[in-house]
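Number of protein chains: 2
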Amino acid sequence: MSVIAPPAFREWMAAVQSRMETTLARLLPAADALPAKLHDAMRYAVLGGGKRVRPLLVFGAGEFAGATPEALEIPAAALEMIHAYSLVHDDLPCMDDDSLRRGKPTVHVEFDYATALLAGDALQAQAFHVLAANPVAADAATQLRMLDVLARAAGSRGMCGGQQLDLDAVGRDLTEPELELMHIHKTGALIRASVNLGALCGEPLDQAERERLDRYAKCAGLLFQVIDDILDATADTTTLGKTAGKDEKDDKPTYVSILGLAAAQRKADDLLTESLDSLAPFGTRGGRLADLARFIARRTF
Amino acid sequence: MSVIAPPAFREWMAAVQSRMETTLARLLPAADALPAKLHDAMRYAVLGGGKRVRPLLVFGAGEFAGATPEALEIPAAALEMIHAYSLVHDDLPCMDDDSLRRGKPTVHVEFDYATALLAGDALQAQAFHVLAANPVAADAATQLRMLDVLARAAGSRGMCGGQQLDLDAVGRDLTEPELELMHIHKTGALIRASVNLGALCGEPLDQAERERLDRYAKCAGLLFQVIDDILDATADTTTLGKTAGKDEKDDKPTYVSILGLAAAQRKADDLLTESLDSLAPFGTRGGRLADLARFIARRTF
Chain B
1 MSVIAPPAFR EWMAAVQSRM ETTLARLLPA ADALPAKLHD AMRYAVLGGG KRVRPLLVFG
61 AGEFAGATPE ALEIPAAALE MIHAYSLVHD DLPCMDDDSL RRGKPTVHVE FDYATALLAG
121 DALQAQAFHV LAANPVAADA ATQLRMLDVL ARAAGSRGMC GGQQLDLDAV GRDLTEPELE
181 LMHIHKTGAL IRASVNLGAL CGEPLDQAER ERLDRYAKCA GLLFQVIDDI LDATADTTTL
241 GKTAGKDEKD DKPTYVSILG LAAAQRKADD LLTESLDSLA PFGTRGGRLA DLARFIARRT
301 F
Chain A
1 MSVIAPPAFR EWMAAVQSRM ETTLARLLPA ADALPAKLHD AMRYAVLGGG KRVRPLLVFG
61 AGEFAGATPE ALEIPAAALE MIHAYSLVHD DLPCMDDDSL RRGKPTVHVE FDYATALLAG
121 DALQAQAFHV LAANPVAADA ATQLRMLDVL ARAAGSRGMC GGQQLDLDAV GRDLTEPELE
181 LMHIHKTGAL IRASVNLGAL CGEPLDQAER ERLDRYAKCA GLLFQVIDDI LDATADTTTL
241 GKTAGKDEKD DKPTYVSILG LAAAQRKADD LLTESLDSLA PFGTRGGRLA DLARFIARRT
301 F
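Line by line, the protein sequences give chains B and A.
Numbers 1 to 301, taken from this note's numbering, label the letters of the first sequence in order.
Numbers 1 to 301, taken from this note's numbering, label the letters of the second sequence in order.
The shape of chain B in the complex, shown without the other chains (with noise of 0.2 Å):
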C-alpha cells in the first residue's frame, strides 16, 4: 500500500487514524470508571490498532459534503464502536473461536468468555449514545436519521444478519450470488453506512449524488470483503494481526474457494473500476474517496 498511495493521501489518512484514536479514548468510558473490568475490556477492545476503514470512509465522504472534522469525529466513532464490537463478539468461541486480532490476544483470551461478551454488548449501546448524545447533524431529524441508519446497518438486516449467513454456510457450497448476500450485509451494511453517516453530517447532496455515492460505497463494502478473502489466502498471521487460512480450515466459502485465486482478483479489480466509475461525475471533488478505494483494493493487511 504505502508504496502506491500519493503521500498527501498517506498524510490525511494517518491524520485521521490518529484524531480517532484520540476521539475513541475520549468517547469510550474512562478505565477507571466502575465497573472497571468492563471499562478496560471496552478500550482493550476498541483501541491501539486496527486500519479504522470505516472512519476514514466517514472522513472521506463527510469531506465531500463539506462537514468539519469535529462533526465527523461522532459517527466515526460509533462505527469504530459498533466494528470492534462485531469482532469482539465474531472471535468468542461459540463463533469463530479465534485467539489473535489486531496482533494482540483477543477480548475473551485477555480477559474472559462473559467478559467479552459484555464488552460487546456495552460497545453496541455506547456507539448509540455517542451518536444520540451529540449533535453533528443540521439538525435533530437529521441526527435521528443517523441513529437508523447505524441501527439497520448493525441489525439483523445487516451486519448481523450476515454473521446468520455466515454461520449458516459453512460447510456449504455457496453460488457467488449467494456469497455476495452474505458479505453485502456481513461488512457491506456497515462500510454503506460509513458513507452514507459521513454524508449526512455535510451539506445536503442532491438525489443523483447521494446515488452515485452509496453506488460508490457499495462497491467498496464488497472490495473490502473480496480482499480480505484473498489476504486470510495469501499473507502470514504476522502481517495480517489475524490469524491467517481461518476460511480454509473452517471450511468457510470465500471468493477464493467459490472463484479460485486469479478470479477473485479480477472481481476486486472489476469493483475498483466501478467504484472509480461511481466517483467519475464528480470529478477531483471525488478524489480522496478514489483514493480510498484504490486503498482498500491495495491493502495488504
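These aren't lab readings, by the way, just hints derived from the structure by calculation.
Just so you know, not all the hints are guaranteed correct.
For chains that are exact copies, the list does not tell them apart, and a pair is met inside one copy or across any two.
Quick list of in silico lysine-lysine cross-link-like pairs, DSBU-like style, CA-CA up to 30 Å [claimed, not checked]:
| id | residue 1 | residue 2 |
| --- | --- | --- |
| 1 | K246 | K51 |
| 2 | K249 | K37 |
| 3 | K104 | K37 |
Note that the structure is a prediction, hence the values are computed from the model and not measured.
Mind docking chain A on chain B? Use the hints.
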C-alpha cells in the same frame, strides 16, 4: 397478585400486555425474512411471554404525562427488546448457563449458542432502530434525548455494567450498599428509563414532578430486584418459569443471602412505601403508578 389488585388495574394491565404482544410482533422482523433462523430466534426471545413490567411502567408514566398509547408503544417495545436481549445473553453458558426462561427452553437451547449471541446483538440494534425510525416525542430533539436515555440505561454505566458487577460478585461477600449498587445498574437502570421514556412522550413535566417520578422509578426498580431475590429463594421453578434457587446454587449474593428472608421482606415493604410516598403529592393522578408499584411488590412470579 390477582387477589390484591383492583379489577380496573388488572384490566388495564392485561390490555397493555396484549397491546404489547401485537406491537412487538409488528416491530420485529418477519420470521420468514432472511436470515430466517436469526429472525425466528429474535421473535422466540421476545414474543409470547414475560410480565412486560417495563412496558407497563412506560404506559403508567406516559398516561400520567398525557401521552397517547400509539406513542408509548414504541419506547415500550424498544425497552422490551433490550430487556429480552439481556435475558438471552444472561442465559448463555458463559454467563448464567440457564436452560429455562419464561417457561420455555432458553434461546441457545432451542436454537444454538452462536444464533443466541447474534439474536441478542440484533435485538439491541432493533431497539434503537425502532426508537429512531418512529417519531413519538413532540419534537426530534426530545426523541434524540429518548435514544440517549435508552443507550445510557443499556450500556456499561447501566444494565451491562450491572451484569459485570454481578459477575465480579460471584463467590464474594458483598455489603448491602455494594449489592444495591449492582442492582441499581443491573435492573434499576432499565426500569428507571422506562418511567422516564414514558414521561418524555407526554406533556412536559416541571422539575419537581420529574424528580418525584424519578424517585418513584428508582424505588420501584430496586423493589423489583428485592422481590426477584425473595422469589428465587422461595418460589418453585414451575411458578417462576425459570430455574428457582439459582442464586444460592451459583453462590451469588442476594438480599436474602445478605439480610435474611425476613429483613429482605421488610426492605421490600420500605421500598414500596417510599415509592408510594413519592407519588403522594400527585393525588389520584398517581394512582396507576401506585398500583404498578404494588403489583411489583406482590407479584408471585
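For each hint, the structure was consulted:
1. Only within a single protomer do K246 and K51 lie at most 30 Å apart by alpha-carbon distance; the minimum there is 20 Å, versus 44 Å between protomers.
2. In this assembly of identical chains, the alpha carbons of K249 and K37 lie at most 30 Å apart only when taken from different copies (25 Å versus 33 Å within one copy).
3. In this assembly of identical chains, K104 and K37 lie within 30 Å of each other by CA distance solely inside one copy; the values are 18 Å within and 33 Å between copies.
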